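Taking the hints into account, I'd like the entire structure generated from these sequences.
Going down the list, the sequences are from chains E and Y. Take 0 as the starting number for the first sequence in numbering that gives the first Met the number 0 and just add one per residue. Take 0 as the starting number for the second sequence in numbering that gives the first Met the number 0 and just add one per residue.
Please keep in mind that the hints were generated in silico from the structure rather than gathered at the bench. Bear in mind the structure is a predicted one, so any value in this text is a computation, not a measurement. Built from N, CA and C at the ideal position, the CB exists for glycine as well. Among these hints, one or two may not hold up.
Some chain Y residues near chain E, calculated using beta-carbon distances under 8 Å [to be verified]:
{"id": "1", "residue": "L58"}
{"id": "2", "residue": "T67"}
{"id": "3", "residue": "G112"}
{"id": "4", "residue": "E140"}
{"id": "5", "residue": "S147"}
2 protein chains.
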Amino acid sequence: MLYKKEVIGRNAMKLNEKLGERKMIEIIQSRLDVMPKMPISFGDDVSAHDIGNGNLAVLKTDMLVDKTDVPPGMSLWQAARKAVVMNVSDFAAKGVKPLAILVSLGLPGNLTGKDIEEIGEGLNAGAREYNAYIIGGDTNEASDLVISLSVFGIAKKNMLMLRSGAKPGDLVAVTGFFGTTSAGLKILLDNLEAPQKIRGTLIDSVLMPYARLKEGLALSQAKAVTASIDSSDGLAWSVHEIAKASNVGFLINTLPTAKEVKTFARINKLDQLELTLYGGEEYELVLTIKPKLWKKAEKAVKEVGGKLFPIGKATAKKQVFLEIDGKRSIIEPRGWEHFKKVKV
Amino acid sequence: MLYKKEVIGRNAMKLNEKLGERKMIEIIQSRLDVMPKMPISFGDDVSAHDIGNGNLAVLKTDMLVDKTDVPPGMSLWQAARKAVVMNVSDFAAKGVKPLAILVSLGLPGNLTGKDIEEIGEGLNAGAREYNAYIIGGDTNEASDLVISLSVFGIAKKNMLMLRSGAKPGDLVAVTGFFGTTSAGLKILLDNLEAPQKIRGTLIDSVLMPYARLKEGLALSQAKAVTASIDSSDGLAWSVHEIAKASNVGFLINTLPTAKEVKTFARINKLDQLELTLYGGEEYELVLTIKPKLWKKAEKAVKEVGGKLFPIGKATAKKQVFLEIDGKRSIIEPRGWEHFKKVKV
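Now the structure itself:
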């Protein structure tokens with residue numbers, strides 16, 4: 000009979016620093032029986048169960064752990080709200096309204112009643128911001144602060160925007176600018192400098208992220224999108240994920256770099272391409288759209304107060320390139336990954 | 000701007016060792032907007048969202064954390080399976096079939112690929128044991144092994160067995176014997192002795208718990224149950240929870256002590272009443288049943304291979320008593336609680 004410490008630590012080679020999150024998910028999936036007629040296959044942003052009449056129960060779970068997801072400077076209220084945003088963002092990418100949220104908390108033994116209140120208020124604020132409600136949950140003792148949420152919604156099966164529908168010729172679009180969180184994290188983690196005028200914007204992008212729910216719902220209604228994902232692992236990674244799931248390649252011809260990021264990169268002698276493509280903790284949507292439906296998609300997003308920028312197109316050739324001013328380079332499939340990433 | 004360590008540890012009084020899990024849940028609930036027409040109120044074993052036509056989407060989330068939920072001697076496979084059982088048990092108590100499960104994992108950095116396989120296999124085994132499937136999830140780095148599950152099912156609103164329906168005069172029943180996990184934990188944690196003949200049974204009750212799903216579903220179908228709860232916090236606590244939710248009291252006149260526990264208590268000079276009433280990590284159902292429907296309930300459970308034992312009755316007087324051989328004593332509202340309990 001094995002004892003816990005031996006079981007859990009029995010091979011202290013720290014192998015999963017090499018394994019990485021995606022490999023671990025692969026290992027676990029390989030051990031699972033697959034539900035017959037599963038409406039959304041493993042590896043998309045949400046899961047679903049068929050509830051009849053063309054409707055799906057859409058489900059999502061994602062966990063915030065303080066040591067990897069809560070940078071210095073983020074309050075407990077903001078951390079709890081962020082846990083909601085992380086989950087809602089995946090619903091946004093699929094075009095599904097979040098209705099109800101359950102929360103499972105792991106709480107370190109030194110939190111005070113006031114801290115717990117702050118967590119409760121942050122969770123509620125996040126949920127109400129997206130018109131959802133927290134309807135249940137539980138608490139547990141843990142070494143880290145762990146906020147594990149499950150989100151529930153209902154969607155028409157044919158309205159879901161999956162990762163897998165992009166076709167060569169489709170336009171690629173994003174709902175906002177990139178690089179602010181990379182820059183903000185460098186300010187918070189490495190004390191890099193930024194002029195007062197842009198410092199707040201960059202830091203706020205980390206502490207107060209927003210899910211593009213309005214945009215996602217509008218685009219789903221417009222039926223113009225062929226594939227969709229959020230950019231929580233960074234723009235490059237998101238584009239590669241759509242490429243893989245849809246069996247296409249991409250030619251990106253516009254870098255959607257935020258203007259504050261251009262200034263920040265110049266001042267700190269950083270590569271703005273790196274900040275834009277290989278960040279993470281960003282919650283813009285990355286979408287592919289049929290060219291003839293572009294106007295319709297743009298209008299739908301504009302009507303809810305959002306924006307849609309074309310940044311390139313899907314290609315039959317299965318590689319992901321960046322082409323700016325006639326210069327072509329490869330966009331690498333790297334981005335934000337737990338276990339492998341530099342710790343925040 | 001507050002920094003994380005200061006935020007999380009800013010009042011290192013370890014207040015929540017005094018707060019306790021239930022107080023923390025109360026604090027969080029007090030911060031939440033309540034969903035209008037919420038079909039199941041806070042504090043029951045599952046949550047629900049109305050999906051029309053008298054149907055509810057039933058949702059549950061519960062987290063296993065190694066340091067409080069995984070005793071020495073439990074393998075990773077067993078821990079992962081137990082995480083499923085914990086959640087399914089609450090569905091069993093409500094009479095709802097679990098259909099799909101999502102898993103959010105917090106994994107310490109020293110787990111190997113083999114360890115992850117074992118976790119995947121344990122999750123799958125647990126899900127398939129109750130005819131459910133794992134349909135999605137994610138992994139994260141954490142200091143503890145954290146297995147946070149979300150379970151989804153569908154139920155007719157009028158078939159749910161809530162905590163709140165017990166009426167004075169209803170019989171109280173349980174689906175099995177108690178005390179084996181308390182005894183098993185004393186063997187695993189404190190090295191107490193047990194004869195070979197019963198040792199395996201006691202230890203297995205801890206390492207390989209079973210959810211009473213068949214029984215719960217059969218009882219829901221029989222429409223004989225007025226209130227129901229599982230006994231994961233111990234028999235005494237469960238009875239008190241029904242008492243509180245239903246606004247009744249109880250007179251318990253039979254202690255459902257497992258025969259192995261009687262032997263174990265005698266050998267180790269322990270109080271068998273204490274082992275039976277104030278344990279935890281048990282997954283029997285505790286139910287109240289209309290006297291005239293007792294036979295029907297008993298038959299329904301027997302038909303699925305289960306058992307139902309009467310142990311007392313609900314009373315108008317709002318206290319919980321034990322009366323054995325004419326001697327009456329108070330059953331205290333204590334049991335298994337994270338943060339307050341002696342660590343396993």
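These are the hints, each one checked on the structure:
1. A distance limit of 8 Å between C-beta atoms decides the matter here; for L58 of chain Y the minimum to chain E is near 6 Å, and the interface restraint holds.
2. The criterion of a C-beta within 8 Å of any C-beta in chain E is met by T67 of chain Y, whose closest approach is roughly 5 Å, and the hint holds.
3. Checking G112 of chain Y against chain E by beta carbon gives a least distance of about 6 Å; that is within 8 Å, so the hint holds.
4. The beta carbon of E140 of chain Y comes within 5 Å of a beta carbon in chain E, closer than 8 Å, and the hint placing it at the interface holds.
5. Taken as an interface hint, S147 of chain Y checks out: its beta carbon lies about 4 Å from the nearest beta carbon of chain E, inside 8 Å.
Of the numbered hints listed earlier, not one is contradicted by the structure.
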